[in-house]
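These protein sequence lines map, in sequence, to chains A and B. With full-length UniProt numbering, letter number 224 in the first sequence gets 224, and the count goes up by one each step, no holes. With full-length UniProt numbering, letter number 297 in the second sequence gets 297, and the count goes up by one each step, no holes.
Be careful, since some hints might not be right.
If chains are identical, the list can't say which one is meant, so a pair holds when it fits in one copy or spans any two.
Subject to a maximum C-alpha distance of 25 Å in a straight line, what follows is the list of computed DSS-like cross-link-like pairs (lysine-lysine) [claimed, not checked]: (1) LYS164 - LYS301; (2) LYS209 - LYS142; (3) LYS228 - LYS209; (4) LYS311 - LYS239; (5) LYS272 - LYS164; (6) LYS41 - LYS197; (7) LYS311 - LYS197; (8) LYS254 - LYS272; (9) LYS43 - LYS209; (10) LYS254 - LYS41; (11) LYS272 - LYS197; (12) LYS142 - LYS41; (13) LYS41 - LYS228; (14) LYS41 - LYS292; (15) LYS311 - LYS301; (16) LYS209 - LYS164; (17) LYS292 - LYS254; (18) LYS41 - LYS239; (19) LYS46 - LYS173; (20) LYS197 - LYS239.
Keep in mind the hints are simulated off the structure, nothing from the lab. These numbers were taken from a predicted model, which means no experiment stands behind them.
2 protein chains.
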Amino acid sequence: LLYWAQQMERTSVPPIHNVAICGGTHGNELTGVYIVREMQKQKMEKAGSVSVTTVETNPRAVAAGRRYTEMDLNRCFTDVLLSSPITESTPYEVRRAQELNAQLGPKGSAEAVDLLIDLHNTTSNMGLCLILLVIDSLYYTKIIENNLSSVPVRAIQLDIPSSKAYSLESVGKHGFAIEVGPQPNGVLRADIFNVVKEALDLTLQWLQKFSSGHSFEGGTVEAYTFVKSVDYPRDSAGKATAVIHQNLQDNDFKLLRSGDPIFQTFSGDILKYEGEDLYPFFVNECAYYEKKIAFHLAQRKTYSFPPISVKND
Amino acid sequence: LLYWAQQMERTSVPPIHNVAICGGTHGNELTGVYIVREMQKQKMEKAGSVSVTTVETNPRAVAAGRRYTEMDLNRCFTDVLLSSPITESTPYEVRRAQELNAQLGPKGSAEAVDLLIDLHNTTSNMGLCLILLVIDSLYYTKIIENNLSSVPVRAIQLDIPSSKAYSLESVGKHGFAIEVGPQPNGVLRADIFNVVKEALDLTLQWLQKFSSGHSFEGGTVEAYTFVKSVDYPRDSAGKATAVIHQNLQDNDFKLLRSGDPIFQTFSGDILKYEGEDLYPFFVNECAYYEKKIAFHLAQRKTYSFPPISVKND
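For reference, chain A alone in the conformation it holds in the complex (with noise of 0.2 Å):
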């Protein structure tokens, strides 16, 4: 596979002018907050010849510590609530969505930034993520996995049509979120905050190189696709009755096998996964208990991708 790839012929792709990297979508998320304020602190706005935006983008939740206050943002950006008509009624963070639309996009447009990032935490034992809603983004992954030693790096890739992608970063002509964990909401741990400034500085080197003529060789990620969600079980009045079970707990990608423990019920009872064998992520995450998700599954699977360079205008 990896001897297919480097095979594969070079292809041209347009360079990147702009790009946006955006913190607080999710208000008590805080690490993607403070990266934002410093750099806008810092008067960063250039990286080379690629021109920076930051943005604060749902600063009414970052100012209440909440994910957000309304509606999750984060699923505000598919083309039909963009184009909602504004009332009196309309959540803040709709509103919210389409100003950052008309400021970043218009999704789907010729004046979209070419690249957004969002940063995002999770409580879960998940390293760094890159998820990427088209696979296209996999560069992006090589980059940061090839010159970040301190945590695991890998690929989510949702593949949604970009009319239905519900997340900020489909606004841009590309685009993805990292996700780092585990850090609880609300707070803001050291670690992370340096693993997403160097992915940050490292994404952002490797344009200026690449927007100045640089080449870059093919090769192959790994990603792990979305297959399912679990949901916790529940009772006849809709409460859970269980726990993540702790040989599960902090265990995202590695190998769920039938039989494995899932779950421990409060009266101590152990339930057993049954399936075909996933990798599990986004175990725990404290946002999805009101979305009624205890984890996702995905498959691994390897992707090649061409040698590039930039295409001159």
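Based on these hints, arrange chain B on the given structure of chain A.
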């Protein structure tokens, strides 16, 4: 010192007839919420001859998934707030504190519950701590410490006079908080659920034995005594300019010496500790951001206690 303790005269103490186990005093600290709900489901009302009351203490905050709705409930149990007249503008938590005081106290009276245990979580890496208002509850630390091997067990001593004690456990004749971490707010971990359940089982077993006439040997226990709090460095607008340094993060109860790094500024500078050697705890606790506390510092002292047996009514 140990020898001296064993030589101390046996002390007769009043029996413990009833105990209250409370959870949800902070609505986003989930271990206590789910322990109390499970005990209520199991109709756990007796442990031998000891009657057991279970209370979800701040149900509105639990429903909202927040620490509190209007005011930190666990700061409402001072004599002043417990006796303040209720008006339209009285915060929910002050009303609720007065209800709890009527149910489990009144604080300082002969009718108060014999022992009140309040269950808490922290985002700090503190293992299992018993927070004691007065030093006479050290027995419980010893019982749990001797029998619980999966996490470190420590006593924290605040030594606040009863009238000014602001926390729920001060309502009982005896009382302590069990504080366990690290667990993110809004997340329930099986390992922490299990360890708290085990600590409660050990305490109830001890109370049963004690009530039925068993006496207990004297001994010594180490306790951490609060000395002072340290705030984040701030700019002229009052905003924090740094995060806990990664050498201090997760190192609660590891002796801090002059010259050790304690903060990393957002621009990358390292700030060092200056002062006497002390033990940090509640390092990077989420709820203390708004209280302007980066961590607490304590002295470690060894306390001895005499053999005890129950004094018959």
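- Task: Mind listing which of the numbered hints don't hold for this structure, in increasing order?
- Result: Checked against the structure, the hints that fail are numbers 3, 4, 5, 7, 10, 12, 13, 15 and 16, while the rest are satisfied.
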